[in-house]
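Engineer: Chain order of the listed sequences is A and B.
Going by the working numbering, the first sequence wraps up at 199, each residue one higher than the last.
Going by the working numbering, the second sequence wraps up at 410, each residue one higher than the last.
It is worth saying that the hints were derived from the structure and are not from the lab.
We treat Cβ as the ideally placed atom computed from N, Cα and C, and that holds for glycine.
Do not rely on the hints blindly, as some may be mistaken.
Label-pair distances were calculated between CB atoms; the ranges are [what the hints assert, rightly or not]:
(1) Gly35/A / Ser315/B: 41 to 51 Å
(2) Thr177/A / Trp246/B: 35 to 45 Å
(3) Ser43/A / Asn243/B: 32 to 42 Å
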Amino acid sequence: MKKLALIAGLAFFSLSAMAQDYSWRLTYDVSIPTGTFSEKYISQASWRGIGIDNRWAMSEKFSVGFNVAWHTFYEQKNNQYASSTDGSIVVFGNQFRYLNIYTFQANAHYYLSESGKINPWVGLSVGTSYSEQRAEIGLIALTYKPWSFAVTPQIGIDIPINMSTDLMIGVRYNIHTNGKVDYDYQYVGINAGFKVSVF
Amino acid sequence: MKHSFFKTSLYIFVLSFSMAACYPGGPEYIEDYDAVYTQQIDLNFDWDDKTKNVYFMPDTVMDLSDPDSDPSPITSPAHILGQVALQMNSYGFTRETDTAKALNSDFIVLVSRARSNNYVTTWWGGWGGWYGWGWGGCCYYPPTTVSNYRTGSLLVEIINTAELDSTNKVIPFLWQGAGEGLFEGTNSSIQNRGDKAISQMFLQSPYLNRN
Chain A
1 MKKLALIAGL
11 AFFSLSAMAQ
21 DYSWRLTYDV
31 SIPTGTFSEK
41 YISQASWRGI
51 GIDNRWAMSE
61 KFSVGFNVAW
71 HTFYEQKNNQ
81 YASSTDGSIV
91 VFGNQFRYLN
101 IYTFQANAHY
111 YLSESGKINP
121 WVGLSVGTSY
131 SEQRAEIGLI
141 ALTYKPWSFA
151 VTPQIGIDIP
161 INMSTDLMIG
171 VRYNIHTNGK
181 VDYDYQYVGI
191 NAGFKVSVF
Chain B
200 MKHSFFKTSL
210 YIFVLSFSMA
220 ACYPGGPEYI
230 EDYDAVYTQQ
240 IDLNFDWDDK
250 TKNVYFMPDT
260 VMDLSDPDSD
270 PSPITSPAHI
280 LGQVALQMNS
290 YGFTRETDTA
300 KALNSDFIVL
310 VSRARSNNYV
320 TTWWGGWGGW
330 YGWGWGGCCY
340 YPPTTVSNYR
350 TGSLLVEIIN
360 TAELDSTNKV
370 IPFLWQGAGE
380 GLFEGTNSSI
390 QNRGDKAISQ
400 MFLQSPYLNR
410 N
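Next comes chain A alone, as it looks inside the complex (with noise of 0.2 Å):
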């Protein structure tokens, strides 16, 4: 029964999104970490990051779709102090981390306006995302592969180029849990780009 409902609502998300527009986005995304992230991980902004952002258009004001991102984080920290739970193992030296993050997320839009010469929107992205945590201190690296529940509340805006092309820029609050370790990866996502519409 459940097979044959999924089987039902993808046959109308197809048969709705075929009469619809969609349009693709792809943006370069600035990460700035957050919180516990930023206080116990990675301080440092992101200036490598990407995103691509798909949507259907089910009304003139509503859009569905999903979106993927890459964003990788990276901070060297000098004379670092790492030690075990217990406290009785410490490692001292430089530290490098890493961090890469792969964001997949179905999301909704709304949007404000169509039509202007400025078309704002706010939207919500919920998903899933796989991260590589690596932090290299001498010739050991520590590494953690988390699988985490993602949710990213957006606001942004479109400005229309020509028909089919709009530079948009968006702001989006990215919140990937994590199960093993006492901080999730917080962090705010200014992303720019282009959104280019199929009809």
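We have chain A already, so just place chain B on it with the hints.
Structural biologist: For chain B alone, coordinates are given in the frame of chain A:
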């Protein structure tokens, strides 16, 4: 304007991957690979008992490397033992120098070192260097390069003399400190980094302090 779904998708994905080529930084200097590890092995030992402060240290640095390994050590055992004694004394330990009284001391300190060669074979050009099947049906293999990075370790261990069990050959380690890094650079640089490692082992183990 008409766009095909696949054409647009392809355009987006190609752009994405071309932007993904950049890679963040990493260690740049030899010192960046230095690290100091310490471990309190016997967690039940009472370091708060400051009356235990006499140690014996053999005048030998055990070399755990292959005797024929290259490079040969650059720092004299006397210098290494001198640095360890300096740190022990600054923490309020008293050194017992009479070998006959070694087993009457509270602690025995052992110092060892190791060097190793780490050979890495790289295919020239990585995956792009694969020449595939050559003329005549067999294969051209890409040229390979072999590089070596040399690593070195200094190990300091403290043993609880009272718990030494010569019958069952049990060595009751209380604490160990290890300095590890690349065995590269000038002799004075390697020696300075070794001295810093010994100093850091004690700095990050304040419970050893007898003062």
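Engineer: Do the beta carbons of threonine 177/A and tryptophan 246/B sit within 35 to 45 Å of each other?
Structural biologist: Given range 35 to 45 Å: holds, Cβ gap about 40 Å.
Engineer: Go ahead and decide if the range 41 to 51 Å is satisfied by the Cβ distance of glycine 35/A to serine 315/B.
Structural biologist: holds (42 Å)
Engineer: Please check whether serine 43/A and asparagine 243/B have a Cβ separation lying inside 32 to 42 Å.
Structural biologist: holds (39 Å)
Violation of the numbered hints given earlier is absent; every hint is satisfied by the structure.
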